Amino acid sequence: MDNAIAVAPDTHAEDHHHAALPQLRHHFETEEQQREAGTFGMWLFLLTEIMFFGGMFFAYLLYRNWYYDAFVVASNQLSIPLGGTNTAVLITSGFFMALGVWAAEVRKKGLLVLFLVLTIAFGAVFLGIKYVEYHEKWEKHHVPGASYDIKEFVNPHAYGLNEKPLPPDMAQKTQIFFSLYFAMTGMHALHMIIGIGLLFWLLARAQRGDFSSGYVAPIENFGLYWHFVDIVWLFLFPLLYLINRHPV
Amino acid sequence: MSEHIHDPANITNPEHADHHIVSPLQYTYVFVALLVGTILTVVAAKIELGIFNPIVALAIACTKAVIVILFFMHVYYQSKLIKLTVASGFLTFLVLVTLALSDYMSRAWGLW
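Protein chains in written order, with this note's numbering: chain A, -3 to 244; chain B, 6 to 117.
For reference, chain A alone in the conformation it holds in the complex (with noise of 0.2 Å):
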């Protein structure tokens, strides 16, 4: 037997029939291996994502050491209560999500259209919030540009802010925080509002019974990407809304 590939009898395609199931297509072997190399794949592409957000958070860690009294002063002007309860809407959509997830494994399709459209209600209203607060950054000219205004960073106290008045210089250096403000929460928000996107290519597809026979991956996958979506605000919230909250 000096070449076992050649010689080795090919009882395998005789030992079990492949049904044309989308849970076992034909080149896996089994359910289970097709599921390992999805979660795999989902996993390789999640990474790309950590290295595509690590770099603004990079970014972030950098001017912050740099720029620190202007990002303290930039970071006060968001709001705790609405950054604090678009995490609360957040994390209760990714719960959605995770119940979803379970509704495709015990095969309940009306729970698990339920959970999606949940998911995305709460991720509608996280939207929601945040047009809110874009907002009223544009109505303050706290957007980085030519409209800029550091106004507010040179004379706090003219505008009721109990802050340390900046130097002009490190005052401009406020932009930089809300360069990365928006560079982060509007990649943030893009990769939810492409997951809404899905969500409802995905919904049509639950209301349809495809992942009520066996079939998770897609929502489990699905799954993965917003979770990974909710972790970057989990970072996201406390280092830009709570860089300094307790003035001495």
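There may be inaccurate statements among the hints.
Not everything, but these chain B residues come out facing chain A in the computed CB check (under 7 Å) [said to hold, decoys possible]:
id	residue
1	Phe36
2	Ala38
3	Leu39
4	Thr43
5	Ala50
6	Glu53
7	Ala66
8	Val73
9	Tyr109
Straight line, CA to CA, 30 Å or less: simulated DSSO-like cross-link-like pairs of lysine-lysine [as the list claims (entries may be wrong)]:
id	chain 1	residue 1	chain 2	residue 2
10	A	Lys104	A	Lys126
11	A	Lys126	B	Lys51
12	A	Lys133	A	Lys169
13	A	Lys147	B	Lys51
14	A	Lys136	B	Lys88
15	B	Lys51	A	Lys160
16	A	Lys169	B	Lys51
17	A	Lys133	B	Lys51
18	A	Lys104	B	Lys88
19	A	Lys147	A	Lys133
20	A	Lys147	A	Lys169
21	A	Lys147	A	Lys160
22	A	Lys136	A	Lys126
Source of the hints: derived by calculation from the structure; they are not laboratory data. Remember, predicted model here, so these are calculated numbers, not experimental data. Where a beta carbon is used, it is the ideal one built from N, C-alpha and C, also for glycine.
Starting from the known structure of chain A, arrange chain B on it as the hints suggest.
For chain B alone, coordinates are given in the frame of chain A:
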């Protein structure tokens, strides 16, 4: 040859993890833990801890992230391959941050 099972398609891989279904009750525990963590992080930010403020904030955020990854994302119940993949991604990120930060700290004199 006799010692090894002829299994080129890796069907009998003992590393394959069974499809574990996490119960709604477990998800509820995770959900409550995350909400408590959110309240904690706001409370901790209001207390003057000096240099420890960002450390506490990041510690709470990391704890929440690990809970999400292990249970909402089922990594706790996955095979070693998946666990290693996830861990390697975060490790690589930390390596890149460390290298980039040491580069900045050794060049941009005056700003540190």
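Consistency of the hints with the structure:
At its closest, the beta carbon of B/Phe36 sits 4 Å from a beta carbon of chain A; the interface hint therefore holds under the 7 Å criterion. For B/Ala38, the interface hint is violated, since its Cβ never comes within 7 Å of a Cβ in chain A; the closest pair sits about 10 Å apart. The interface hint given for B/Leu39 is met, as the beta carbon of that residue sits about 5 Å from the closest beta carbon of chain A, less than 7 Å. Interface hint at B/Thr43: satisfied, since its Cβ lies 5 Å from the closest Cβ of chain A, which is below the 7 Å cut-off.
The interface hint given for B/Ala50 is met, as the beta carbon of that residue sits about 4 Å from the closest beta carbon of chain A, less than 7 Å. Interface hint at B/Glu53: satisfied, since its Cβ lies 4 Å from the closest Cβ of chain A, which is below the 7 Å cut-off. Below 7 Å, beta-carbon pairs count as interface contacts, and B/Ala66 has one with chain A at about 5 Å; its hint therefore holds. About 5 Å separates the beta-carbon of B/Val73 from the nearest beta-carbon of chain A, less than 7 Å, and the hint is met.
Checking B/Tyr109 against chain A: minimum C-beta separation of about 6 Å stays under 7 Å; hint holds. Using a Cα cut-off of 30 Å, the hinted pair A/Lys104 and A/Lys126 is violated, with the two alpha carbons roughly 33 Å apart. Taken as a hint, the A/Lys126 and B/Lys51 pair is honoured in the structure, with Cα atoms around 23 Å apart against an allowance of 30 Å. Of the pairs offered as hints, the one joining A/Lys133 and A/Lys169 holds, with about 16 Å between alpha carbons and a cut-off of 30 Å not exceeded.
At roughly 26 Å between alpha-carbon atoms, A/Lys147 and B/Lys51 fall within 30 Å of each other, so this suggested pair holds. Proximity of A/Lys136 to B/Lys88 is assessed by CA-CA distance (about 46 Å); at most 30 Å being required, the pair is judged violated. The hinted pair formed by B/Lys51 and A/Lys160 meets the criterion: a straight-line CA distance of about 18 Å does not exceed 30 Å. A hinted pair counts as satisfied when its Cα atoms are at most 30 Å apart, and A/Lys169 with B/Lys51 qualifies at roughly 24 Å.
Between A/Lys133 and B/Lys51, the direct Cα distance comes to roughly 23 Å. Compliance with the 30 Å bound is thereby established for this hinted pair. Pair hint A/Lys104 plus B/Lys88 holds up; C-alpha atoms about 29 Å apart against a cutoff of 30 Å. Distance restraint check for A/Lys147 and A/Lys133: the Cα-Cα separation of roughly 14 Å lies within the 30 Å cut-off, and the hinted pair is therefore satisfied. Of the supplied pair hints, the one linking A/Lys147 and A/Lys169 holds, its CA atoms being roughly 13 Å apart against a limit of 30 Å.
Restraint check for A/Lys147 and A/Lys160: satisfied, since their Cα atoms lie roughly 13 Å apart, inside the 30 Å limit. Restraint check: the Cα-Cα separation between A/Lys136 and A/Lys126 comes to about 16 Å, which is no more than 30 Å; the hinted pair holds.
Hint compliance for this structure: hints 2, 10, 14 are broken, all remaining hints hold.
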